[in-house]
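Student: Those protein sequences? They're chains A and B, same order as listed.
Residue numbers for the first sequence follow numbering that gives the first Met the number 0, so the first one is 0 and each next one is one higher.
Residue numbers for the second sequence follow numbering that gives the first Met the number 0, so the first one is 0 and each next one is one higher.
Any given hint could be a false lead.
30 angstroms max Cα-Cα, derived BS3-like pairs, lysine-lysine [to be verified]:
(1) Lys113(A) to Lys144(B)
(2) Lys44(A) to Lys144(B)
(3) Lys44(A) to Lys241(B)
(4) Lys113(A) to Lys168(B)
(5) Lys225(B) to Lys44(A)
(6) Lys102(B) to Lys144(B)
(7) Lys241(B) to Lys225(B)
(8) Lys73(A) to Lys144(B)
(9) Lys113(A) to Lys225(B)
(10) Lys168(B) to Lys44(A)
Rather than coming from a laboratory, the hints here were simulated on the basis of the structure.
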Amino acid sequence: MEPTVILFAIESGVKLGRKTYQVLLDETRERPLFLPLGDLFGDVKEATARIFFAREENRFLVEEGGPYAGLSGKALVDAYRTILGINEQLGNVGSVADEAVDTVRQLHAFEQHKNGYGSNPPVQRLLGTMVEVGMDYFSANSQAIGRNSSARQLIHAFVAGLDEVDFAENELADIAGEVLLAGLKVFGQNTSLVSSDERIQILLGGVTGALIDHFASLQSELSKIIGRNYFQRATGSILSGTAKAAAENGNLFSVGNGARKNLVRTILRQILTGLSGQEDLLTNDALETLIQTALVTAAESPELFSGSPIVQDLIEKTLETFAARPINAILSPASLVPLLQIALETFKENIPSLLDPNGRHGQYIADGIAAMAHGLAMGRKPGRLFSTGQITDLAEIVFNEISKYPEKMFEGIEGGPKQTLLAQSIASLMAALGEDPFRHLSSRGLLDLIALVLQVSAQNADKLIDTRSQDPGTNLLHVLLRELTAAVEDGHDARKLFSREVFLETARRVVPIASSNVEPFLNGKAQLIYRSVQLALHLAHGKFQNRINGDTLPKIIETLLTRMMAEEHFTEDAKMVESAVDMALRSL
Amino acid sequence: MNQMNQKLRRFKAFLLLALAVALVSSCATMSYRDIQRDFNEAVRADNVRIESVDALGAMASNSQMLYEQVILNLTDDFIHSLPTELKPNAYAIRSVAQWRTGKLPEARLSAEEGLKLNNVHESPRDAMVLRMIPALIIDQELNHKFQQSGRTISEQQYVDGEYQMGFLKALRELDSAMELAEPGTPPGILHYLHFHRYRMLQNWRIVIAGIDDFAAIDRAHREAEKALGDSMTEAINSQVDKVPAGSPLRDLMERL
Numbered sequence: 000m001e002p003t004v005i006l007f008a009i010e011s012g013v014k015l016g017r018k019t020y021q022v023l024l025d026e027t028r029e030r031p032l033f034l035p036l037g038d039l040f041g042d043v044k045e046a047t048a049r050i051f052f053a054r055e056e057n058r059f060l061v062e063e064g065g066p067y068a069g070l071s072g073k074a075l076v077d078a079y080r081t082i083l084g085i086n087e088q089l090g091n092v093g094s095v096a097d098e099a100v101d102t103v104r105q106l107h108a109f110e111q112h113k114n115g116y117g118s119n120p121p122v123q124r125l126l127g128t129m130v131e132v133g134m135d136y137f138s139a140n141s142q143a144i145g146r147n148s149s150a151r152q153l154i155h156a157f158v159a160g161l162d163e164v165d166f167a168e169n170e171l172a173d174i175a176g177e178v179l180l181a182g183l184k185v186f187g188q189n190t191s192l193v194s195s196d197e198r199i200q201i202l203l204g205g206v207t208g209a210l211i212d213h214f215a216s217l218q219s220e221l222s223k224i225i226g227r228n229y230f231q232r233a234t235g236s237i238l239s240g241t242a243k244a245a246a247e248n249g250n251l252f253s254v255g256n257g258a259r260k261n262l263v264r265t266i267l268r269q270i271l272t273g274l275s276g277q278e279d280l281l282t283n284d285a286l287e288t289l290i291q292t293a294l295v296t297a298a299e300s301p302e303l304f305s306g307s308p309i310v311q312d313l314i315e316k317t318l319e320t321f322a323a324r325p326i327n328a329i330l331s332p333a334s335l336v337p338l339l340q341i342a343l344e345t346f347k348e349n350i351p352s353l354l355d356p357n358g359r360h361g362q363y364i365a366d367g368i369a370a371m372a373h374g375l376a377m378g379r380k381p382g383r384l385f386s387t388g389q390i391t392d393l394a395e396i397v398f399n400e401i402s403k404y405p406e407k408m409f410e411g412i413e414g415g416p417k418q419t420l421l422a423q424s425i426a427s428l429m430a431a432l433g434e435d436p437f438r439h440l441s442s443r444g445l446l447d448l449i450a451l452v453l454q455v456s457a458q459n460a461d462k463l464i465d466t467r468s469q470d471p472g473t474n475l476l477h478v479l480l481r482e483l484t485a486a487v488e489d490g491h492d493a494r495k496l497f498s499r500e501v502f503l504e505t506a507r508r509v510v511p512i513a514s515s516n517v518e519p520f521l522n523g524k525a526q527l528i529y530r531s532v533q534l535a536l537h538l539a540h541g542k543f544q545n546r547i548n549g550d551t552l553p554k555i556i557e558t559l560l561t562r563m564m565a566e567e568h569f570t571e572d573a574k575m576v577e578s579a580v581d582m583a584l585r586s587l
Numbered sequence: 000m001n002q003m004n005q006k007l008r009r010f011k012a013f014l015l016l017a018l019a020v021a022l023v024s025s026c027a028t029m030s031y032r033d034i035q036r037d038f039n040e041a042v043r044a045d046n047v048r049i050e051s052v053d054a055l056g057a058m059a060s061n062s063q064m065l066y067e068q069v070i071l072n073l074t075d076d077f078i079h080s081l082p083t084e085l086k087p088n089a090y091a092i093r094s095v096a097q098w099r100t101g102k103l104p105e106a107r108l109s110a111e112e113g114l115k116l117n118n119v120h121e122s123p124r125d126a127m128v129l130r131m132i133p134a135l136i137i138d139q140e141l142n143h144k145f146q147q148s149g150r151t152i153s154e155q156q157y158v159d160g161e162y163q164m165g166f167l168k169a170l171r172e173l174d175s176a177m178e179l180a181e182p183g184t185p186p187g188i189l190h191y192l193h194f195h196r197y198r199m200l201q202n203w204r205i206v207i208a209g210i211d212d213f214a215a216i217d218r219a220h221r222e223a224e225k226a227l228g229d230s231m232t233e234a235i236n237s238q239v240d241k242v243p244a245g246s247p248l249r250d251l252m253e254r255l
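Taking the hints into account, I'd like the entire structure generated from these sequences.
Tutor: In structure tokens:
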């Protein structure tokens, strides 16, 4: 199709030129129409059965004394079916209606002319739609019709970019019209986001193609209605997201490369398919952000993203996670896109190490989100723990660790995301902290501690985490952490030394020491952390009350723990303990 | 000089008139496209009304509302304001909407108006639809009568109701419509016609089967076949055969 013809038609339409206005008239006259199927007066099968039994040779069957006397309706149809023994031919009465509905749905609109007699219908109907949209727009924005205007450039590029889009159905041309209209609204006054004509082609062509592909894949009438409504709401955001991605990464629209040209269409289609049925979860702004991130990520490795449904898998699997109980009570829908963003960005930065050996890369990284969410949720009462911003920070921490130790973090994945080292590590900490983790830690502190336990677990995975079980209580890591929290909760702390910061600092010092040398804890001496905290508190409220404060307390606990791990009878000698504390304080 | 001025004034007047005509036509065309869109929506909702899902059930009443909207917008004045090229389509759309909303005399008039247009043959699909309307109206009238009887009638009611005559007349109207087919007529619209012929034959059988006495059913059925000059089953099957395999219309006929 020649873009200049359409532009000329639009301009002429606006200027009311009769000759080119004919283009619109022809298209309107030849517009395909749906036509009604009319009514059936009753049930065809029942009529067939009654007429069959009414035949003289069969009538005895339904007359008084006959086996089917008094039957009517479905019972008579059943009798007929029995008599003829043609169940298969008649089919199941119940399902036929459903099949008929499907068939009705497939009915196409009726063309005005036989093929070859009118103009090429798909081209013609697209032409009409474009002219219609253009006229609407320019009528309201007469200043935009200038010879070198952005809007003019946009329409030109749009039409030229539609070469590869199949407009076999009338409704699809309407969708293209909606994209153009949204494009004019978004870029009509300002194409600075996408400065090149060819880029606009790829952008608009890709968006149109994706919307049409997605729409064509929708099966039921209801889903098509929902789809159209969604497109009307979201097309502007889809275009904006795509344009911002293009502005952020020039590679996305590198011209002359087939793989890149299809990338926009492929990724957008994956996003639409991934969100299918749950589109309302995302606001327009969130959708825009998701599209931008996905496209920028995909532009880094177009062949990989074109050849594998990474984005779709990631979205679908993450939506599953968000819908699962009790995660749906812990993560708000608003955190969906930030999580997907971080997952994609981490993937982009670490593609070689984050490729799934089985090829389902999207599912693989989605497992990271699922494991994190399960780790937070396992064994807890439902309720929001973190704000969306904090969830984003947590995801950054988690994906940072995943990128460093992918194999370790996904250890146990064969049992599902809950059983992974990642989930079990987080769950071990959360279970140790109890129902209200913020009693011991600030939000930021909790995030820092999660980062710490992930690092510690990765270093000594087989000893600290039991990936054969979903119960965090079976993990040695949990036992260590529980000792710490129990000691703080049980300890006498009249001076209130254990602030949230002190707890965090203590954990930072204690956990790595204990987890690097688990022998004393494996041998039933697991009270060492508990005892070292209790002892330090005792000293801080007694002999050393003027020398130990919140700042020095963690160091004292670390010292005591180290000594207790090294010397079994260390605490039995009070002088030795005091000397060790004294030396530790002097060294500060 | 005066003559020159006069010519210029005339030219300006002509230009203004031309622009005014073009402006009116342009606006009408754009509005008309919205009406076409509403009509398509109405039919889509109409055609899925057998669906039991609530959401789509709501579409059924929506179809009536949209048809009414189409009728309301397609006034005689509006159709007259349309470019000539669009008038056959406008009459076809209006008559179908009137048929589906039970405004049968109005549907008949719209169809007649449409068929009177000199350029109706330039819109072969619309011409075929307009020509089918009388048959569809008769079918609808018979349906109304049959439904009012509670779908069970006596042999006498069958005779008095002139069902046989009605169905034969409707089928003949469809035959006449078929004669309008020309090389440019799209096959789809011919399949649509065969579908309605099939549907009317089925409706006839349903009415016969609705007679409250088996012997009378047999008599009416034989009489119908005699009038048709063919076995009813054969007549129905031949309509199915005229629609190519794989067409949704054929699938529908084979499933019903």
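Student: Check each numbered hint from earlier against the structure, then list the numbers of those it violates in ascending order.
Tutor: 1 and 9
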